[in-house]
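Visitor: Model the placement of chain F on the given structure of chain B, informed by the hints.
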Amino acid sequence: MRDAFAAEITQLASEDARLVLLSGDIGNRLFDRYKQRHPERFLNCGVAEANMISMAAGMALSGLRPVAYTITPFVTTRCLEQIRVDVCYHNTSVVIVGVGAGLSYASLGGTHHACEDIAFLRVLPNMTIVCPGDAMEVRLAIRAALRQGGPVYIRLGKKGEPAVHERAPEFAIGKGIVLRAGEDVCLLSTGTVLPLAVEAAARLSKDGVSAQIVSLHTVKPLDEDLLADVAARFPLLVTLEEHSVLGGLGGSVAEWLAGRSAPGARLLRIGTADEFLHGGGGQDHAREHFGLTAERIAARACAMLKTIGAR
Amino acid sequence: MRRGEDLAALDRVAREIRGSVVEMSHRAGTPHLGSALSCVDLLVAAYWAALRIDPSNPTARDRDRFILSKGHAVSALYATLAHRGFFPLAQLETFNEAGSALAEQPSPACVPGLELATGSLGHGLSVGLGMAFAGRLAGLPYRVLVLMSDGECNEGSVWEAALLGAAQRLEQVAAIIDYNKWQATGRSNDIMALAPLREKWEAFGWSACEVGGHDLKALVQVLGNVPDGSGKPVAIVAHTVKGRGVSFMEDDNNWHYRSPNADEVQKARIELGLP
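Protein chains in written order, with this note's numbering: chain B, 1 to 311; chain F, 1001 to 1275.
So that you can see chain B by itself, here it is in the shape it has in the complex (with noise of 0.2 Å):
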């Protein structure tokens, strides 16, 4: 993914003479090619993410497009106040992206863990978050950050996922995309999480289980026609995420579906759980910790299928 959004953003930094790329001190080679190419629109910010927040706002305050890239949490919570007050209170058209989330960067320890990211950033006014699933969905998903403007937060992974997409989808922010139609569950997948999704539908499959695959790229603003359309005709939706299953997608989608009159759909939210993980492994190991495993979650979306008597 992070590989993506070096090509992508190196060639809208060609189209775009107002963007500049604002780097809290890694990416090491990654901007190489950006470097050679706009040394005076590249600036490395140091370890000091929240004079780089409110840099690029004042960057978008004087009509620049600034983009801000470092590992999530300090480009997330670290700044969260700068983000709040400089970002979103004065609407300015700032692009944040974390990488490593989720559990990416699992092996360097729980300061690496970003799991409560969306959570915080969600509540802002202003703050849209898109969570690209995989590296097609990170170019289109910069490109109409950068199209839209105001404060857009994008979370990557790290790099090496798979493909998902073998074309370039419809995309939009604010607008799922249904990858596969189903019948008896709905995933709505979010991130880095997307190929688990497809793995877990098959194994579904195999079950007799037909389940739509949606990218749910996009947590806020919710996608609610979509969410209208899903709940009226499946008995079961199932959100996945790597992030905590408090206040990222699954939590959107349970206040959705709180406030929605009509009888429906239940919903399972499948993400990490409310605890610090401790000790040594990298991202596989903390997935299985947690259950994001195509099996796993295969086998509890069939179980709550069976609960609520859908099957």
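Think of the hints as simulated: they come from the structure by calculation, not from any bench.
Check before you lean on any hint, since a few could be wrong.
Restraint ranges, calculated between C-beta atoms of paired labels, are given here [to be verified]: (1) F:F1248 with B:T77: 40 to 48 Å; (2) B:G63 with F:N1096: 27 to 35 Å; (3) F:F1248 with B:E255: 48 to 56 Å; (4) B:S107 with F:G1029: 50 to 58 Å.
Residues from chain F that face chain B, not an exhaustive set, calculated with beta carbons under 10 Å [as the list claims (entries may be wrong)]: (5) S1107; (6) G1119; (7) L1129; (8) M1131; (9) V1144; (10) A1161.
Covered stretches of chain B (in silico footprint by chain F; criterion: 3 or more residues with CB under 8 Å from a CB of chain F, positions within the stretch not fixed) [as the list claims (entries may be wrong)]: (11) 42–49; (12) 80–90.
We treat Cβ as the ideally placed atom computed from N, Cα and C, and that holds for glycine.
Guide: Showing chain F alone in chain B's frame:
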């Protein structure tokens, strides 16, 4: 009166602004009066002498920017902008009224000429660096003056900005510190080891100087000399007195919280030589 040659006129404006600020605090029952009075001369020197601004075109792309990072003193900025012609003086009477554009701390673009909504300390300098970066990229030589409080220099983000501003040699930026030696609940040099303040800015790579923060002649000269030819951003440590201009408020930190009664307003106006 554009370039600050007439010091007597500047002094007169400063007294009128102080009068407005005292009345606003009385009428609205708002605190932070000492903080507002502390920076009036800095505002007058900036708005009547240093800044290249046009009240009839407050969003001109090449205008100089002024950020009041100590947003709690915004009554002084509102009064400055009104006296300078950005909006009608009568609007000051709506300060802090329900639904008024003039909130106790400013909202984004609430009045013409207001560049940044502040109130949380430690934001203005970083935002100012971003504005200056944009100006440099666009080839527009506008200046960005950022007025901060000494207490504000407790915030770590100020020193993040200091490090980056120096590295980027953003010489169009001036950090002006209203050094009145008080913060909310005590002496600013006791609560945090702020002193020696000029030397700190110097050590961070800024071209730093000290100036009497109520010496209009010196302020006009120093604020008008940004960038100063050093190739570095400029730090102006302005020695000020909290509550300046009203004897019974000067250097008395109770006026961080109190607002004056009608009697005290009258006494203040007499001291300020206002009718």
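Visitor: Take the hints in turn and mark each one as holding or not.
Guide: So, going through the hints one by one against the coordinates:
no.: 1; hint: F:F1248 with B:T77: 40 to 48 Å; in the structure: holds, 46 Å
no.: 2; hint: B:G63 with F:N1096: 27 to 35 Å; in the structure: holds, 32 Å
no.: 3; hint: F:F1248 with B:E255: 48 to 56 Å; in the structure: holds, 54 Å
no.: 4; hint: B:S107 with F:G1029: 50 to 58 Å; in the structure: holds, 56 Å
no.: 5; hint: S1107; in the structure: holds, 8 Å
no.: 6; hint: G1119; in the structure: holds, 8 Å
no.: 7; hint: L1129; in the structure: holds, 5 Å
no.: 8; hint: M1131; in the structure: holds, 4 Å
no.: 9; hint: V1144; in the structure: holds, 8 Å
no.: 10; hint: A1161; in the structure: holds, 5 Å
no.: 11; hint: 42–49; in the structure: holds (count 4)
no.: 12; hint: 80–90; in the structure: holds (count 6)
Going through the hint list in order, the structure satisfies each hint without exception.
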